[in-house]
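*Asks:* Spelled out from the first residue to the last, the chains are:
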Amino acid sequence: MGNPRFGKSRKYVSVLSCVLLFAGLLAGCGGSNKNDSASPSASASPSVSASPSESASPSATESSKPQDKVTLSVLTDNSQDAVNVAKALMDAFHAKNPNITLEMETRPSGSEGDNFVKTRLSTGDMNDVFFYNSGSLMQALNPEQNILDVSNEPWQADVIDSFKQTVTMNGKLYGAPTNATMGGGWFYNKKIYANLGLTVPTTWADLTANNKKIKDAGITPIIGTYKDSWTSQLIMLADYYNVQAEDPTFAADYTANKAKYATTPAALRSFQKLQDTVGYMNKDYLAANLDSGIKMLAEGKGAHYPMLTFIIPTILQNNPESINDIGFFAQPGDNTDKNGLTVWMPSAAYIYKNSQHVDEAKKFLAFIASPEGMAAVGKVSQPTGPYVIKGAVIPDNVPQVVKDMLPYFDSGKTAPALEFVSPVKGPNLPQITVEVGSGHRKAVDAAAMYDKDVEKQAQQLGLAGW
Amino acid sequence: MNKVWKRTYTYYFLLPAAIIYLIIFILPTFMSFFFGMTRWTLQDWTYIGLENFKTFFQESSLNIGFKNTFIYAVVTCGLKVVFGLLLGVFLTSKIRTKNYLRSVVFFPTLVSTIAVGIAFSTLMHPTEGLINTTLASLGISGPDWLGDTRIALLSVAFVDVWKGVGFATVIYIAGIMSIPEEYYEALQIDGGNSWHKFWNIILPLSRPATNAVIILAFIGGLRSFDILWPMTRGGPGFATDVIASIIYKQYQAGFYGLATAGNVILFLFVSVLAFPLSLYLNRREVDL
Chain Z
1 MGNPRFGKSR KYVSVLSCVL LFAGLLAGCG GSNKNDSASP SASASPSVSA SPSESASPSA
61 TESSKPQDKV TLSVLTDNSQ DAVNVAKALM DAFHAKNPNI TLEMETRPSG SEGDNFVKTR
121 LSTGDMNDVF FYNSGSLMQA LNPEQNILDV SNEPWQADVI DSFKQTVTMN GKLYGAPTNA
181 TMGGGWFYNK KIYANLGLTV PTTWADLTAN NKKIKDAGIT PIIGTYKDSW TSQLIMLADY
241 YNVQAEDPTF AADYTANKAK YATTPAALRS FQKLQDTVGY MNKDYLAANL DSGIKMLAEG
301 KGAHYPMLTF IIPTILQNNP ESINDIGFFA QPGDNTDKNG LTVWMPSAAY IYKNSQHVDE
361 AKKFLAFIAS PEGMAAVGKV SQPTGPYVIK GAVIPDNVPQ VVKDMLPYFD SGKTAPALEF
421 VSPVKGPNLP QITVEVGSGH RKAVDAAAMY DKDVEKQAQQ LGLAGW
Chain V
1 MNKVWKRTYT YYFLLPAAII YLIIFILPTF MSFFFGMTRW TLQDWTYIGL ENFKTFFQES
61 SLNIGFKNTF IYAVVTCGLK VVFGLLLGVF LTSKIRTKNY LRSVVFFPTL VSTIAVGIAF
121 STLMHPTEGL INTTLASLGI SGPDWLGDTR IALLSVAFVD VWKGVGFATV IYIAGIMSIP
181 EEYYEALQID GGNSWHKFWN IILPLSRPAT NAVIILAFIG GLRSFDILWP MTRGGPGFAT
241 DVIASIIYKQ YQAGFYGLAT AGNVILFLFV SVLAFPLSLY LNRREVDL
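Protein chains in written order, with the working numbering: chain Z, 1 to 466; chain V, 1 to 288.
Everything labelled a hint here was simulated from the structure, so no lab data went into it.
For glycine and all other residues, C-beta sits at the position ideal for the given N, C-alpha and C.
Worth double-checking, as some hints may not be accurate.
[As the list claims (entries may be wrong)] Chain Z regions said to be covered by chain V (calculated; three or more residues, Cβ under 8 angstroms):
#1 131 to 145
#2 185 to 199
#3 254 to 268
#4 433 to 440
#5 453 to 460
[Claimed, not checked] Some chain V residues well away from chain Z (every beta-carbon gap over 12 angstroms; in silico):
#6 Phe33
#7 Met177
#8 Gly192
#9 Ser194
#10 Gly220
#11 Tyr256
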């Protein structure tokens with residue numbers, strides 16, 4: 001087959017065409033990539049692009065003006081509240097520093113967002129400033145390699161210590177708080193409490209007795225929303241104040257692989273308390289999600305909802321008429337005297353270590369970590385607890401349910417949740433707590449299973465001592 | 001050697017496809033064998049030998065998926081074969097609205113899997129879902145389809161069958177239509193009825209179609225993830241976890257090395273089950 005005279009030249013032509021085809025393919029890919037990265041920024045402001053290296057060039061050409069204009073790109077998660085907060089901070093900062101333009105990029109939240117941030121960091125593609133969780137999630141980002149050390153910034157003096165420890169790794173500080181704290185505990189319906197003549201419980205036994213009375217009255221005692229399986233962890237996680245009150249060294253021992261949930265009685269209680277709630281939840285607790293739980297609470301269809309206080313703005317928005325019917329108390333322990341609140345620390349703003357605009361980014365963080373910055377945040381985001389910046393006060397007109405938290409703070413009876421003081425947290429906790437809460441697994445068994453899950457996590461993260 | 005270059009088209013035409021295949025398939029496959037043996041943070045890795053595989057097989061939250069995966073694959077595959085064949089026979093018979101019905105049966109295959117998952121998890125809501133409210137109006141109290149750990153996996157498998165049966169049917173229609181007319185004529189001469197037609201002609205002679213459906217549905221069932229995730233996320237607890245959902249959760253947790261090891265295990269699991277099955281089925285195929 002084929003004419004031998006043309007054999008050789010045909011070979012060259014075919015090779016050449018292959019190379020061309022392949023080059024065309026690569027060029028095509030490259031082109032579309034570029035479009036991808038440019039499109040989010042294009043929608044925000046057309047003149048600048050997302051990556052720091054590229055943003056340098058337009059500013060260079062525009063630098064006929066005396067002051068050098070700088071564009072900071074800011075990454076935040078895409079929840080409405082986070083976007084509002086970031087926007088408020090960026091606008092207020094830009095108003096004070098007209099030379100610094102900021103543009104926002106959003107990312108998914110939750111574990112998808114964790115992977116997003118990790119991927120950006122590992123490909124060297126991170127925004128100048130990024131908003132991300134404090135505590136164990138921040139520590140998993142390998143801060144020494146990726147995040148700028150801000151220990152020596154003057155504003156650190158304004159940040160309260162209980163927050164500082166959640167953005168510290170190996171003695172260095174990495175972030176500035178972007179919002180108020182959250183409490184983790186029990187929302188309750190005051191009308192139901194009043195009708196049944198109940199009082200706010202300060203021991204676990206009181207709470208269980210209340211649940212029983214509410215159930216006997218034909219009302220759902222506890223709202224369960226296990227379709228969003230993370231919500232099933234709340235009772236277990238919000239119990240941490242009680243754990244550390246009984247066993248002050250638990251966090252350190254736990255991180256060092258010396259203490260276990262299954263063998264530490266105070267910690268095992270957290271799982272046992274969850275087990276105590278079996279049978280007290282709404283019928284469809286396996287199919288209900290967070291939104292329907294908030295609705296049930298606001299409409300008085302359930303008496304208690306163990307949850308984080310970040311749901312308060314949602315209640316205010318969807319059911320403003322019932323916000324005053326709702327109260328909040330910390331998850332009680334076994335002793336009235338040791339009743340305190342487990343606190344979730346706000347997310348923080350971090351500076352990417354390889355940012356081209358470190359000075360401007362530092363300025364931005366200094367603004368965030370100031371009473372002024374928190375005031376800007378407070379305008380768009382209902383505080384869900386006190387701020388962690390000295391001098392930033394929550395406004396008087398916050399609903400009573402937020403004020404319910406203040407006594408715990410005033411008397412110093414708060415502790416950050418375990419995930420903020422230890423990098424160790426097993427990824428299967430939501431599944432395990434669903435099993436306990438639905439009565440499929442006993443507390444002791446679940447604690448042992450969780451210990452095993454934690455061990456896996458610590459090994460995968462390469463923590464010392466595991 | 002010379003013979004190779006004397007074809008009409010040279011083998012160099014394979015090069016673009018081969019390079020792409022090499023770069024985005026072969027290379028990652030072999031890399032995954034390596035990264036499965038490391039602790040990997042995307043930025044750096046430490047070699048730990050077979051530790052990840054050991055963890056995967058030892059921990060109950062990880063190996064819980066093997067049983068579920070197998071049950072899921074067998075159930076979905078079996079039902080797709082049965083319903084696909086019956087629908088295929090029905091839709092190749094002489095009915096008036098044949099074309100319309102064929103589109104109806106095929107339609108679920110075209111809908112986004114995530115959308116199907118979300119729609120069915122709404123329909124299967126224990127108190128407000130359409131299925132249970134309908135049952136309630138008939139005086140039957142329906143179970144919690146996705147919340148009851150005993151039936152949750154089967155509920156998901158049912159939705160998978162609903163969505164996938166259209167594809168199986170199309171394969172069967174093609175298989176049945178390729179059976180030569182002579183067999184039916186011979187049957188008529190022998191005086192066979194429609195049962196004989198089904199049992200002695202259609203069933204044995206649509207064997208290639210059956211094999212294709214079994215292999216495709218079985219492998220699809222083994223690595224199924226997309227319909228399960230929006231419906232149950234492997235829950236309640238770990239009740240509907242399959243290997244793929246477990247791997248996904250390890251990625252979410254940032255255990256990239258462990259997740260990669262899980263993928264290698266899934267690859268081996270599918271291979272070990274699918275290759276012998278395929279060999280066995282092909283050996284028994286008959287020529288038309």
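*Asks:* Does the structure break any of the earlier hints, and which numbers would those be?
*Replies:* Hints 2, 3 and 11 contradicted; others consistent.
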